[in-house]
Each structure stands twice: as C-alpha cells, then as structure tokens.
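Spelled out from the first residue to the last, the chains are:
There are 4 protein chains.
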Amino acid sequence: MTTPRFRSEEVPLDAFYDDLSTAHLQPLWELHGLITPTPRVRAVPYRWRADDLAKLGRRAGELVPVDRGGDRRVLAMSNPGLDGAPFISGTLWAAVQYLQPQESAPAHRHTPAALRFVLDGHGVYTQVDGDAVGMSRGDLVLTPSWTFHEHHNPGDVPMMWLDILDLPVVAALDAVFFEPGPAEEASYSQAPRSTAELRWGAGAGLAPADTGGLPQHSPLLVYRWKHTDAALDALLEAQQTTDVVLRFRDPARGGDVMPTMRCEMRRLLPGAVTTTDRQTGTRVSAVLDGHGVVELGGTSFDLAAGDVFVVPSWCTHRLRAQSRMDVFTTSDSPVLEALGLHRREQVAA
Amino acid sequence: MTTPRFRSEEVPLDAFYDDLSTAHLQPLWELHGLITPTPRVRAVPYRWRADDLAKLGRRAGELVPVDRGGDRRVLAMSNPGLDGAPFISGTLWAAVQYLQPQESAPAHRHTPAALRFVLDGHGVYTQVDGDAVGMSRGDLVLTPSWTFHEHHNPGDVPMMWLDILDLPVVAALDAVFFEPGPAEEASYSQAPRSTAELRWGAGAGLAPADTGGLPQHSPLLVYRWKHTDAALDALLEAQQTTDVVLRFRDPARGGDVMPTMRCEMRRLLPGAVTTTDRQTGTRVSAVLDGHGVVELGGTSFDLAAGDVFVVPSWCTHRLRAQSRMDVFTTSDSPVLEALGLHRREQVAA
Amino acid sequence: MTTPRFRSEEVPLDAFYDDLSTAHLQPLWELHGLITPTPRVRAVPYRWRADDLAKLGRRAGELVPVDRGGDRRVLAMSNPGLDGAPFISGTLWAAVQYLQPQESAPAHRHTPAALRFVLDGHGVYTQVDGDAVGMSRGDLVLTPSWTFHEHHNPGDVPMMWLDILDLPVVAALDAVFFEPGPAEEASYSQAPRSTAELRWGAGAGLAPADTGGLPQHSPLLVYRWKHTDAALDALLEAQQTTDVVLRFRDPARGGDVMPTMRCEMRRLLPGAVTTTDRQTGTRVSAVLDGHGVVELGGTSFDLAAGDVFVVPSWCTHRLRAQSRMDVFTTSDSPVLEALGLHRREQVAA
Amino acid sequence: MTTPRFRSEEVPLDAFYDDLSTAHLQPLWELHGLITPTPRVRAVPYRWRADDLAKLGRRAGELVPVDRGGDRRVLAMSNPGLDGAPFISGTLWAAVQYLQPQESAPAHRHTPAALRFVLDGHGVYTQVDGDAVGMSRGDLVLTPSWTFHEHHNPGDVPMMWLDILDLPVVAALDAVFFEPGPAEEASYSQAPRSTAELRWGAGAGLAPADTGGLPQHSPLLVYRWKHTDAALDALLEAQQTTDVVLRFRDPARGGDVMPTMRCEMRRLLPGAVTTTDRQTGTRVSAVLDGHGVVELGGTSFDLAAGDVFVVPSWCTHRLRAQSRMDVFTTSDSPVLEALGLHRREQVAA
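Chains as they are written, first to last, in numbering that gives the first Met the number 0: chain A, 0 to 348; chain B, 0 to 348; chain C, 0 to 348; chain D, 0 to 348.
One thing to keep in mind: the hints can contain errors.
It does not matter which identical chain is meant; a pair holds if it fits inside one copy or across any two.
[Unchecked claim] Simulated crosslink set (SDA-like; lysine to any residue; CA at most 25 Å straight-line):
1. Lys54 x Pro11
2. Lys54 x Ser135
3. Lys54 x Ala22
4. Lys54 x Leu19
5. Lys54 x His121
6. Lys54 x Tyr16
7. Lys54 x Leu30
8. Lys225 x Glu236
9. Lys54 x Ala208
10. Lys225 x Asp209
11. Lys225 x Asp17
12. Lys54 x Asp17
13. Lys225 x Leu235
14. Lys54 x Leu12
15. Lys225 x Arg252
16. Lys225 x His341
17. Lys54 x Ser20
18. Lys54 x Phe15
19. Lys225 x Leu197
20. Lys54 x Asp18
21. Lys54 x Ser103
22. Lys225 x Gly339
23. Lys225 x Arg192
24. Lys225 x Gly253
25. Lys54 x Asp242
26. Lys54 x Gly270
27. Lys54 x Thr21
28. Lys54 x Gln25
29. Lys54 x Gly212
Quick caveat, the hints were computed from the structure, so don't treat them as lab data.
Just chain A, same shape as in the assembly:
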C-alpha cells in the first residue's frame, strides 16, 4: 500500500510532507498503488491434502487436550500468501477440528458465523442454541452468528470435520464479539433429528404456517447428506448434463444459508470438465468423494477425497473429474452481492 509520492526538482516538498505527517494526513497524488486495475490478492491458490489433515489432526488429538484452558482443537489452514495469518484467504477462515471420544468443546458464541462440513466419520453432536444436531459424513451444519454452540463426542471413535468461518470479514469490519457459555456441562438430546429439522427440514416447500420471528439466517441448521445426494442425482436427471450445482438455501426465504456465506455442492460425472471462470471473493472447496484435477490460475492440483482447496478472488478456476466427484464449496458471494461488488466471468480456457 505504498503510494508513489510526487517528486520535484524545483520544489522542496520535504517540509510540506513533514507538516502533513504531523497533521495525520497523507499526500496521495496517485491512486494507482491503492486502487488497482484488478484485485491485488495476497492469498494464493493452494490445496491441502486429506492425508496431511487426517494425520496432523490425529496427532493434535493425541498431544493436546481440549478443556477450559483451550476451547477448541483446531488446525487452521494458513494461506501461504498471507505471511502466517491463520486464514485461508483474506475473507475466510478454514480449519479442521478434531474431537476425541468422550470429549466436549464447550459452549460459546461469537459474531463470526461458522459452518461445519463433515468429510468423514460421524457421532459428534453440535448443539446450537439448545438444539442438538448429530453430524455425519456429507452433512452441512450451521452455527450462525451469535448462536451458542458446543460440540460433544459421546461415541468411542474420534471425529474430525471442516470448519469455515467468515472471521476475517467480521474482523475487518471491527465487529467481533465473543461470549463464553455457562460453565457447567450441557446436557443434550441424542435424537436423530434436531428441532430445526422437524420444523423446517421435512420437505421442499413445507414449513410451519406460524414461523415466529425469523433470524437473519436459515432456520434449518443442518442439511443432511442423504437429501443432498438425492437432490444431486435428481438435478442430473432433470438437466441431462454431466455437471450440476446445488445451492443450500434458507427454506424460509430462499436466500443463502447465512448473510455472509454461500454453500453449494457440485457433482461432476466421470470425465466432466467445467468452464473456466473467475469471480470476486473467495471460494473454499472440499472434495467429499471422487478424484480429479483443479486448475487455479496457472497451477494444477490433483484432488482426492478429503482434499481442501482455496480459490482466491479473481483467480481462474476449472475442474476436471476423473471419477464421479462431489465438491462442496463455501464462498463469501453473499457479501459481494449485497455490496454491489460481485463480478463473475467466463474465461477462454
């Protein structure tokens, strides 16, 4: 963010620049350094391998306890372009969270919104404002802004999942608030369906007549893989293509699941290749199943189940499926759309 300063042989500007500095003013004769022709993105394209995430998650589980001295056992994906900041891009946080059998991550809430996507395993219950949601492979679980949430693993095997938060956006807006939950252990239901699912999840277009006061996010807190999987197949049948994209929506109003994050699931049939596109804002993707290749800018990354990759703003993106491949993607597109900053374009391959 250094801006070239005007220099003149004839005019001695140093005294003037000193006076400006004293007055907390900065001379900016050119905006080129600040306002660039295209986004100057520090985050770089990158892929984290499933194997590394699994192994290192397991080691964290063995080495580091989760207790009141440390709320969460989390390994944050740190974008190589961000000089060690624990963010996957300038706008999103992504991490794996690991919970041993009989462990709990205690309740707290914060204004950054989070979602959990389960790449493997099952058995953990995430309780959201008192509503317990069992988590299984392929499920998408929401813990929206300022909802109390806690994780419990009542089973006898460890479980790991993907966390994505809008933390960098909320931090950039100076709007981070945090509150710990009550000190005592929560009891929670282990019912197969959460109350959110009973009320909002029974079927497309079916919901209570009396919705009460709706929050600024989806009242449906979990999207089950069983339904997502079936919906992807139905979409393939309806569209007769080899590549379909399903969007997770607020069933009460039809918009995105949360005001800051969009969630989509893509299914590619073997051999399918997407167009090359780029868009403003970050996309974080995780391969649920299958293998293939993603081209991000000039770099190709091979992909296998459990891999996670980041597509920085305005970086070109193209997927090739070598088997049937299911790819979950979270983006900050709702933010860019709300602020009139969303751009997307196809790029000649």
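Since chain A is already given, all that's left is putting chains B, C and D on it; use the hints.
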C-alpha cells in the same frame, strides 16, 4: 347496494335527481349502504358431503363426454348465498373434476390460477407447460396463472379431484384471458417425478444454484402427500401440541405457492379443538382424512373424509376432531395481505 | 355468466341436473362463458364534463345539507355499463365531493382507501389521523385504508374536489369495514404544512433517520401541485420529449402511494400524441389543465380542464393534446401487479 | 493476532508444530486472541481541524500539479492507530481534495464507491457517467461504485471538499477494480441542475413513471444543501426537539444512497446534548456549521466548522452543541446491517 337518498319536504329534489341520472351521476349522501361496519358477505357457510360429490361426479362421468365440445367435466360448488353463481364464495371457485379411464381434458391456459388437491384415487397426469405430474391421494398440484395445462387418465379406473381457482377475483379485476392449447393430442411422460420435482423438490433448502428466471409462483408444481404427511408428524413432534398447521411454500423465495392463493394442511389429533377465529377473505377446506365437526358462524357441520366446506369472510370458524383429522385449506389471504386488507382475530368461544 | 350446458338426444339429463341443483353443484362442461379469451368488461369508456360536474355539484350544495344524517355530499360517477351501480368501473369509485363554506364532513374511517385530487379551488382542510392537510388546486391528498379522515371548509367559498376509492375491489374481497369518528367536532391546525410534509415532504431523498413503524402506504399524505408542476417541467427538460409521465411514490420505500392505487401525472406539450396502448385494470383520469382529445376504444371524447374519464380494462387509449395538457391518472395497477395479472401492450394505431 | 499455544512439560510439541507449519496449518487451541469479547479496534478516535485541512490543502495546491502523472490532489486522513495506512479507519477512507482554478482531475472509475461533501466554497463540476453536477457548500455528491467520474474547476478560485470512500472494505474483500477514462478532455455541461436532479430530485415522492433499469445505488447523484437545510428545519418543527437527524435516501427505493455507505445530517440547537451511544462500524463526521464538543471514548474534542472526526467501531459518542450545529456523518452501517453485524446501544453517560 341501494343507498338511502336524502329526502326533504321543502325541497323538490326530483328534477335534480333526474339531471344527475342524465349525467351518469349518483347522489350519495350516506355511505352506510355501501361502506358497512363489517363485511356484508353474501356467501354463506356451507359443507358439501363427500358422498354427494362422489355420486354426482360418477354420474357426470357416465352421462357427459369430455371432448373438444366440452373442455372439462366439472361440477362447481355453488354457494347457496350467491344466487346461482357457480362460485363457492365471492372470491374463489371450487369444483370436483372427473376423468374416465382413457379420457383427456385438453390443454388450455387462462389467467385465473388453479390448484388441484386429490382427495382420493390416483392415476391422472396433469401436464403443466410440458411437465407431466402424476396425481395421487393427498397431492397438491399447481397450475398457475397462464400456464398451459391438460389432464390425462391413462389408467383403467376413473379419478376425481378437487379444483380451486381464483376466478372470481380475476373476473372482478377484469383480467380474465384464455387461450386453447394446440389441437393435437399431447404426448406426455409417465415418469414418477416431474421435472419441477427433480429441480425443486428434492429436499428442504436444496435447489439449483442457477434458478433461471423465476416465475411469479412456486416453481415446484406438486407437493406430494408422502412428504406432507411426514412434515405434519415432524411438526407435531417439534411442537408437542395436538394441532399443527403446515404451509405450502414457494421453495425459491419462501412465500405462498401463488400470488393469489395460500395452501395449508392442518393435522388435529383426536379430541383436539381449535380456537375460534375469523379472518377477512375466503377459506375453502377439504377433509382428507378423519372426522369431526366444524362450527361456522352459528352453524355446526359434521365432517367426514372427502367433505368440502367454505368459511366466508369474517365468519367465525372452529374445528373439533373426533379422530385424527387432516384438513387441507386454500385461502385468498395473499391477496388480502398484499392489499393491506388482511384482518384476523380470535373470538371468545 | 351463463354457461352452455351439454345436451344429448339420447341421454336424459334433466333428473341429473335437478340432483346437482339440490346438492348446490353446477355442471360446467365448458368454461367458455366464464373464462373468456379477453376480459369481458362491463364498464364502458366514458367522459364526464367539467361543466356538468360543477353545475350539479353546486346544486347539490344548495339543496342538500351535510350533517350527521348524511356524512358526505358526494356525486358518484356511475359507469353507463354497470346498470346503475355507483362505480366508475368494476374496481374503482370516483366522485366529486362538495363542501359549502363553514361546513364539515365528519370524521370516519373505512378499509377502502381514498385519494382526493383537487381540480379547482382551495381552502378545505382534510384531517388524516389528526394531521391537517390544506387542499389546493392540483394537490393530491391521501386518506389511506383505515385512517380517520374528515373535511373542513373554514373559508367563505365552496370547494369541490375529486374522490377516488378502491371500494369495489375491497367489496369484492368481502373486506369492507367502517367506523365513525368521535361525535364532537374536531379542532384542527390550519398550518400551511402538515406534519407528514414536515417529516417526509421536504425534498427528494430526504427523510428522518428514525422512521418509526411505517404503515402499508406512503407516510407522505399530500403531494403539492407546486412540486408536481416543477417536477413535470424538470422531466420534460431531462427527457427532451413532448410527453412525460410522473409517478407519485411512497418516499420511504419508493413504491406506489397505496397498495391498491397508482397515481400519475402526465404533461403533454401542444400537439403531442401518445402511442395507443391498453392494459388490464381501470384507469381514471382527470384533466387538470389544457384541452385535447382522448380516443378510448373506437370512441373519441374531446377534453377540457376539469373533465374526468374512465379507461376500462383492456380498452385502447390514446391522448392528443391541443394545448399543453396536464392529466392526472389513478389506476388499480398495483393490485394487478401484486397478483401477477398486469398486462400492457402497445397497439398499432 | 498472536494466539497462545498450548505448552506442556511432558509432551514435546516442537516437532509437531514444525510439521504443521510445513503443511501450512496453524494450531489454535484458544480463539481468545482472534475472537475477542468486544471488537479489538486499531483505529482511534481523532479529530482533524478545519484550519490544518485548509492550510495544507492550499499548500498542496501550490506545490503539486494535478495532471496525468497524478490523478488526484488528495490529502488522506490517516488514523493515528493504523500505523501510517492512509485510512481514517479500518473500513473507510476520508480525504480532502483540492482543485485550483482551471484544473481538472481526469475521468476514471473504480469499484470503491465515493461521496463528496462540500464543507466550503463552490464552482467545481463533478461529472458522473456523463452527468455534470455543480458542487456548492453543504451539497452531498455521489460517485457510486464503477461510475466514471471527473472533477473540473472552471472558475477562478480554488475549491476543496471532503471525499469519503469505502476503499478499505472493498480492498479487504479483494474486489478493487480500476479503469482510467478516455484520454481526451471531457466537455461537460455547466447547467445548474444535473440530469439526475431533473429526473429524481424535483420533490419528495415524485419520480418518473418509467425508471428504466435502476442501478444498485441512488439514481439521485446530488443532495443540495438548500433542500437539506429546509428539511432539517421542517424536522425540528415536526418533532419539537433540539436534535434531529435526517437520512439521505435513494428516492427510488428508500434505502441508503449506496450499498456500503449511509449518509446523515444532524442539526443540534444551541445547548443540545445527545445521548451517549456506540455502534459497530465506523462513523466519519464533518461539522458544516457551528461549534461544540464531541466526546469519543474518554476523550473530548472541541469542534468548529470544517472539522472532521472519526468514531471508531464500538467507541462511545456524545455531541454537545455550543451554537446551532450541523454535522454531516457517513457510516458503513449498511454493510453491517446487510451482514447481520449491526449493533447499537445507549450507554449511561
């Protein structure tokens, strides 16, 4: 709509009234006749028995062919208060439609919107703008304003269902348009799921990322009983009450299924009694299952499966279930809400 | 609304038809009578002359008192096609209201919404929910649904203005409610600007930061001719045409002034001729200034200042200005748009 | 953003931490450093004096030319808490821009949106996508995201004004795009009113019937002081208080002028003291007229006409007027509201 005219002993007004009449003006010194303290509703509460509808539908099927000389085989419920007009109230049309095996009701479209609710039987396909929707007991099928629709019975048993249209509203607004479909017989798919279901019906909050241009109605054209039934049970479980109401919604935006009609399904457990309420606008209800009593104004009607009843505007309404009872209701509430005319109140029993 | 019934030589249908009648069912084998290719509109195009309205209004003022025995002194324009109903079309009511010096029309409220447009004169105060609005030539005054309103003429000359109500729509929806105001005479401010104007009328895009709870209509209750006139000139300058149309809007949300009625003012320069168009729904127009001709369907009506005319649904409409002409128009277009029934098309002249 | 790492005597974690680093993962056992109880805001409250801005602006005008080698002559207010970044807070940019007689700042466009508020002087024309807007004291001029804009001073006196941009937000979202305008000098109208004003600015609630395709910002590009001043007086009269706040709105839809910035003008009568409040997001205020004191957090700043001050996120704010005082404020509240992050609370003084 007669308005009492001002009369004076001293002033001869007849000549003045004549001159007004010539000028197509009407003197109105009082608005009491036109603008009444509460709605002056001509439609009366009434219940049509399932038996009558079934028997007379069958006789219509035997006696009257459906062909190009007669588009539809329809028996319209004519409200006893409306002097023979074929409307169930001042704003809604309700009818039973009967189709013999191998019969078709040919394609046409009109600006009045229609919905079909299946009280019994199965086997007919309703094709909506090219999308074939198989119909079964408990299904709600939409044929929205200005969509081409046609009915085909490829099976070997007759089928009858309930039609509800907003025709009186559209007629009152002088906005009725009609267009016949192509003369030749349509071919249609007999696939178990329509394209609308494949795209929009796979699960709550699951829909294509690319929605295309959305129409001014739900893109999901059919709500299956299997899902509705399960959603009612889930709602009972979530709410722990004996009386739940589910609303059918546009899955793309969360609003009502069509801009003129709201659809809801109520499930009452045995012995449940609703509060007494009244609201502006018409409600047309049909009992899918169970039996009980409805009190409308001062009159009680016993109810059995297949019965249809009308609740006129501002008439009090109370349901008592003598068994588990499922009641489907269509209302014009979206119209009244959009125009700022919706009122609803609880009434002391 | 007579529907041709199916007749057969071989099959005796009379007994069947009798049984249907007993069961309050009507056989409808064809929908052609009910659902017509284009709207079957009973209202006809018509023009009321300013002279007639003025003379007959004055006579009403002389002959008939306004007092508690008669709330309003109103001459309703009765469309010649509506068999004596006091409505200017199937959806709108239009009338002239006349108030003698020192007379008051007492407070009441009703769900039908009303607007007042002043074709001539000044001096009356219309008080809307406690907010007094002075009325002058060219002003548009709103008395929205369920707001108390009363008219006072504190001056020494009579005043007459145009009333337009959505009464037929509200009546068709069985949603008419009425309530008289308090019996005692209201006191009212004769300030030059109403509170509504002070809060919402100071300038385009300028409004209180704290809007309180907004009603389902424009919080600005009066649109002053001085501003409308200037806005028309500005629009002519911006568009460099001879024909501009200004819409009166809710300054809080930008929509129509009321959920049932759209208000617009058109200015045509001498010689200007509009395209020929038609649209669903009724338009009621009043000439504020100038003269010209309107062609409605196949009929031409010459127009002078103070004339009122009605354009029934789907009737073609074309204006020719013989001088600079200002035409105020109210329509029910917001109703048709909300319900998905709005159609408009250009017609070859 | 340093996070305390778990440390154990018994377990050697260094090797594990090395492996994490290699895999671009960061261990985060506690979120306390990242997710704080209240916002950890680097920007501090500060006030720039009118005198300094005026003097230094003038010196910049004397010393530094505006030409193609330097697009703008701008002194950016650099928040003392931001380590030299040229931003007034983490989310907003504020600067004074100075233009000599006969100078022009050439056309360009960028995705960051800007507004111009004139604290003194007149004579410059800002051309926005071809529409020339003359600027005078008290005027608010919009140059929304991606609109071409250029500034021309055809007069014979210099002019300086306040620029506010959402640049830090757009940069944080990696969505900055820039495009220079055509190389040749633009010709521009010096008409007293822009086309935007002719179409949208003629009066409250008055706008073209045909709005064309509306942009994602107010189509009214300038709010004139004459109208703002009158609206403030009207609001004082309506509310009978000593402190009123007017919001600048999009006249087409009633929302904020741009999706990222809210603009308001406050008028305090002599002696008025506001409540103490705080809210998420930045407020940048400028005193147009009068003098008083602002308390920001624990610090008081005296205020005079032309002073600019910043209220960082969650910093308490209280104004005291020692004369009639008009204060213009821009905030990023629309961003926080759209994302569900807006909080505001009164604080005991």
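Against the structure, the hints:
With identical chains, the CA atoms of Lys54 and Pro11 are at most 25 Å apart between copies only, with a shortest distance of 17 Å across copies and 61 Å within one. Taking identical chains as interchangeable, the C-alpha atoms of Lys54 and Ser135 lie at most 25 Å apart only when both belong to the same chain, with a minimum of 20 Å there against 52 Å between chains. Taking the closest pair of Cα atoms, Lys54 and Ala22 come within 25 Å of each other only across two copies (11 Å); inside a single copy the shortest separation is 54 Å, beyond that limit. For the homomeric pair Lys54 and Leu19, the shortest alpha-carbon distance between copies (10 Å) is at most 25 Å, but the shortest distance inside one copy (54 Å) is not.
Proximity of Lys54 and His121 under a CA criterion of 25 Å is satisfied intra-copy only: 18 Å inside one chain copy versus 55 Å between copies. For the homomeric pair Lys54 and Tyr16, the shortest alpha-carbon distance between copies (13 Å) is at most 25 Å, but the shortest distance inside one copy (55 Å) is not. Taking the shortest alpha-carbon separations for Lys54 and Leu30, only the inter-copy value of 22 Å comes in at or below 25 Å, while the best intra-copy value is 47 Å. For the homomeric pair Lys225 and Glu236, the shortest alpha-carbon distances inside one copy (17 Å) and between copies (21 Å) are both at most 25 Å.
Taking identical chains as interchangeable, the C-alpha atoms of Lys54 and Ala208 are never at most 25 Å apart, the minima being 48 Å within one chain and 34 Å between chains. Taking the closest pair of Cα atoms, Lys225 and Asp209 come within 25 Å of each other only across two copies (22 Å); inside a single copy the shortest separation is 27 Å, beyond that limit. For the homomeric pair Lys225 and Asp17, neither the shortest alpha-carbon distance inside one copy (66 Å) nor that between copies (39 Å) is at most 25 Å. Taking the shortest alpha-carbon separations for Lys54 and Asp17, only the inter-copy value of 14 Å comes in at or below 25 Å, while the best intra-copy value is 55 Å.
Taking the closest pair of Cα atoms, Lys225 and Leu235 come within 25 Å of each other both inside a single copy (16 Å) and across two copies (23 Å). In this assembly of identical chains, the alpha carbons of Lys54 and Leu12 lie at most 25 Å apart only when taken from different copies (15 Å versus 59 Å within one copy). With identical chains, the CA atoms of Lys225 and Arg252 are at most 25 Å apart both within one copy (23 Å) and between copies (23 Å). For the homomeric pair Lys225 and His341, neither the shortest alpha-carbon distance inside one copy (32 Å) nor that between copies (36 Å) is at most 25 Å.
Taking the shortest alpha-carbon separations for Lys54 and Ser20, only the inter-copy value of 14 Å comes in at or below 25 Å, while the best intra-copy value is 51 Å. For the identical chains of this complex, Lys54 and Phe15 are inter-copy neighbours only, at 11 Å across copies versus 58 Å inside a copy, given an alpha-carbon limit of 25 Å. Both within a single protomer and between protomers do Lys225 and Leu197 lie at most 25 Å apart by alpha-carbon distance, with minima of 16 Å and 15 Å respectively. With identical chains, the CA atoms of Lys54 and Asp18 are at most 25 Å apart between copies only, with a shortest distance of 10 Å across copies and 57 Å within one.
Proximity of Lys54 and Ser103 under a CA criterion of 25 Å is satisfied intra-copy only: 21 Å inside one chain copy versus 62 Å between copies. Proximity of Lys225 and Gly339 under a CA criterion of 25 Å is satisfied in neither setting, with 35 Å inside one chain copy and 30 Å between copies. For the homomeric pair Lys225 and Arg192, the shortest alpha-carbon distances inside one copy (13 Å) and between copies (18 Å) are both at most 25 Å. Proximity of Lys225 and Gly253 under a CA criterion of 25 Å is satisfied in both settings, with 20 Å inside one chain copy and 23 Å between copies.
When the C-alpha separation of Lys54 and Asp242 is checked against a cutoff of 25 Å, the pair qualifies neither within a copy, at 32 Å, nor between copies, at 51 Å. In this homomeric assembly, Lys54 and Gly270 never come within 25 Å of each other (Cα to Cα): the closest approach is 30 Å inside a single copy and 58 Å across copies. Taking the shortest alpha-carbon separations for Lys54 and Thr21, only the inter-copy value of 13 Å comes in at or below 25 Å, while the best intra-copy value is 53 Å. Proximity of Lys54 and Gln25 under a CA criterion of 25 Å is satisfied inter-copy only: 14 Å between copies versus 49 Å inside one chain copy.
For the homomeric pair Lys54 and Gly212, neither the shortest alpha-carbon distance inside one copy (44 Å) nor that between copies (46 Å) is at most 25 Å.
Of the numbered hints listed earlier, those contradicted by the structure are 9, 11, 16, 22, 25, 26, 29.
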